[in-house]
Amino acid sequence: MNNVINGDSHFEVVDFSLPQERNVAKIHPVSEPNVCSNCLQEQSQQFNPDCHLCFQLLLEPSTSISEIFAILRQWNSESQSRILLLTEEILKRGAHINDRDGLTDMTLLHYASRSGAEGVGNVETSCQTVQLVLERGADVYIRCRWTNMAAIHYAAFFDVAPVLQLLLKASDSIDIDAPCSIYENGGPLHIAAINLSIECARLLIAMGADCTLKDDLGRIPFNCIPETTSEDLKEKAERLRLLLREAIAQMNDRIPSKVTLQSLGLKIGDKVIVGGVKSGTLRFCGTTQFAQGIWAGIELDEPVGKNDGSIGGVTYFHCSKEYGIFAPISKITKYNDEARTNSACSNRKSSCSSNVQSSKLDVSHVTAKVDTGLRVARSYPPTDCYKVGERVIVAGKKSGTLRFSGTTEFASGWWYGIELDHPLGRNDGSVNGKAYFVCKPNFGVFAPSSKVKRIEQITTLKEQNTDLGSANNSSQNMNRGSTIKARPSSFKSRNPFDTSAGEMKVQEGMTVLCNNELGIKINL
1 MNNVINGDSH
11 FEVVDFSLPQ
21 ERNVAKIHPV
31 SEPNVCSNCL
41 QEQSQQFNPD
51 CHLCFQLLLE
61 PSTSISEIFA
71 ILRQWNSESQ
81 SRILLLTEEI
91 LKRGAHINDR
101 DGLTDMTLLH
111 YASRSGAEGV
121 GNVETSCQTV
131 QLVLERGADV
141 YIRCRWTNMA
151 AIHYAAFFDV
161 APVLQLLLKA
171 SDSIDIDAPC
181 SIYENGGPLH
191 IAAINLSIEC
201 ARLLIAMGAD
211 CTLKDDLGRI
221 PFNCIPETTS
231 EDLKEKAERL
241 RLLLREAIAQ
251 MNDRIPSKVT
261 LQSLGLKIGD
271 KVIVGGVKSG
281 TLRFCGTTQF
291 AQGIWAGIEL
301 DEPVGKNDGS
311 IGGVTYFHCS
321 KEYGIFAPIS
331 KITKYNDEAR
341 TNSACSNRKS
351 SCSSNVQSSK
361 LDVSHVTAKV
371 DTGLRVARSY
381 PPTDCYKVGE
391 RVIVAGKKSG
401 TLRFSGTTEF
411 ASGWWYGIEL
421 DHPLGRNDGS
431 VNGKAYFVCK
441 PNFGVFAPSS
451 KVKRIEQITT
461 LKEQNTDLGS
471 ANNSSQNMNR
481 GSTIKARPSS
491 FKSRNPFDTS
501 AGEMKVQEGM
511 TVLCNNELGI
521 KINL
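Residue numbers (UniProt numbering): 1 to 524.
These are computed hints drawn from the structure, not numbers from a lab. These numbers come from a predicted model, not from an experiment. Ideal Cβ positions, reconstructed from N, Cα and C, are used throughout, including at glycine. Treat the hints with care, since some could be wrong.
Here are the computed lysine to any residue pairs in the SDA-like style, where the Cα-Cα straight-line distance is at most 25 angstroms [to be verified]:
no., residue 1, residue 2
1, Lys26, Ile198
2, Lys453, Gly413
3, Lys26, Glu246
4, Lys169, Gly265
5, Lys258, Ser279
6, Lys271, Glu246
7, Lys397, Glu246
8, Lys453, Leu424
9, Lys397, Ala447
10, Lys267, Ala178
11, Lys26, Glu89
12, Lys271, Leu300
13, Lys92, Thr147
14, Lys214, Lys271
15, Lys234, Glu118
16, Lys169, Asn336
17, Lys321, Asn122
18, Lys271, Ile329
19, Lys26, Ser44
20, Lys451, Gln292
21, Lys169, Lys234
22, Lys26, Ile194
23, Lys271, Gly293
24, Lys92, Ile198
25, Lys258, Glu118
26, Lys451, Lys271
27, Lys434, His422
28, Lys267, Arg245
29, Lys236, Gln250
30, Lys169, Ile198
31, Lys387, Gly413
32, Lys169, Leu217
Listed next, with one range per pair, are the computed distances between beta-carbon atoms [stated by the list, open to error]:
no., residue 1, residue 2, range
33, Glu32, Ser279, 46 to 56 angstroms
34, Glu21, Gly102, 16 to 26 angstroms
35, Val438, Gly137, 53 to 63 angstroms
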């Protein structure tokens, strides 16, 4: 009978009994591809999928696994674009999913991971093949013994980002920095940098790859970007340098988030509970451009999220649409049966309590927040709510003018939007396409009420400091001609600005004034 295969209606599909799959993987002997007589007469040693006779030979039961592996080795678009069909033909002959090619020592997963290379294969077909072999139990960590490369390294080498994403998901990203000896024990990000694989580099960074990891030569991925004379490659290399430079800067900003994760007993890739309700995998932790503070990005187990790991055009991690949400780090707990049960019970109790109280309130107009994916209660203004137009200090160091006060769609709670005096912000008053106020780019910042103080409050503190200093000077002048004895040391003032007792000791945690700015003393 005639069937359509890859759009070719004239190929005959030969049915034959399927041998039972072996329980143990093997290395298949080296063989040449099965080529038809017409192609041999034309002195072609390669299998031609577009040749009717060659294709018919492929479908014959007598064609061995070794001969099909030989076709997989052919680095041309005709063969690589048919990776799914070739893989199915190998499996149809009873191959173990982790069988190896005797010449290259590569498995089906290795071949599939590279087959989507630009200009050679088809990315969609490559992803379908990778998904197939992973579902059949392919070992994502298995390495070629010639190159010491795993599938993740091949995907990074050939810049097949969609395949790389599938591989990282299959391994829960635990091999995201896996070293490869042929590349001086550099990781996938080193390999991506060496080969100018920008899309894979961008994905690896978003998924949490270490941009400061060094290979055996002491190089970080940034140092591995090659110098080139080609204008096209020069532009590509410069874009990759910019990408890695920004990633390194962001990693330095994420140090507090790493400490926070360690204190919670969490790490990227862990299973977590969000808000006591939703379960998923932790994919991101750090600062963001849509709000201040440390945020967690979670890939949910079910499509009940609000994004794909991106907010406002900025990608923090990658996942399928409606599987991603963001939440304050305080809303995240480690997944275990007890925590899930306790969190669910706590959530039900809270819900019941809210329902009892809500009978006194009109909450019909309350809607869910849209960007973070979290269901939150109504937010009320703080007791001492500042007015739009007031001069304020943000986080004790950034001065500006209050331009917005209220609830937002990017996070729960009451938020202030401030137009800073200097370009030290994160936005132009808009987050995720919604404008809360208008200012120049990088002059806008959002902060919770706990991080915002009036300028006059800071001024009052400065004046108190000045008064204390003046009083101290007057006291010293009086003491020059006085015979009054000093108080015992146990009665000395505890005021941190009092210098009359000698040299003041500034301790960690004290509120201090430095260059007319209020700050907190820390030890480095």
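- Hint check, failures only: The structure breaks hints 1, 3, 6, 13, 14, 19, 21, 22, 24, 25, 26 and 32; every other hint is satisfied.
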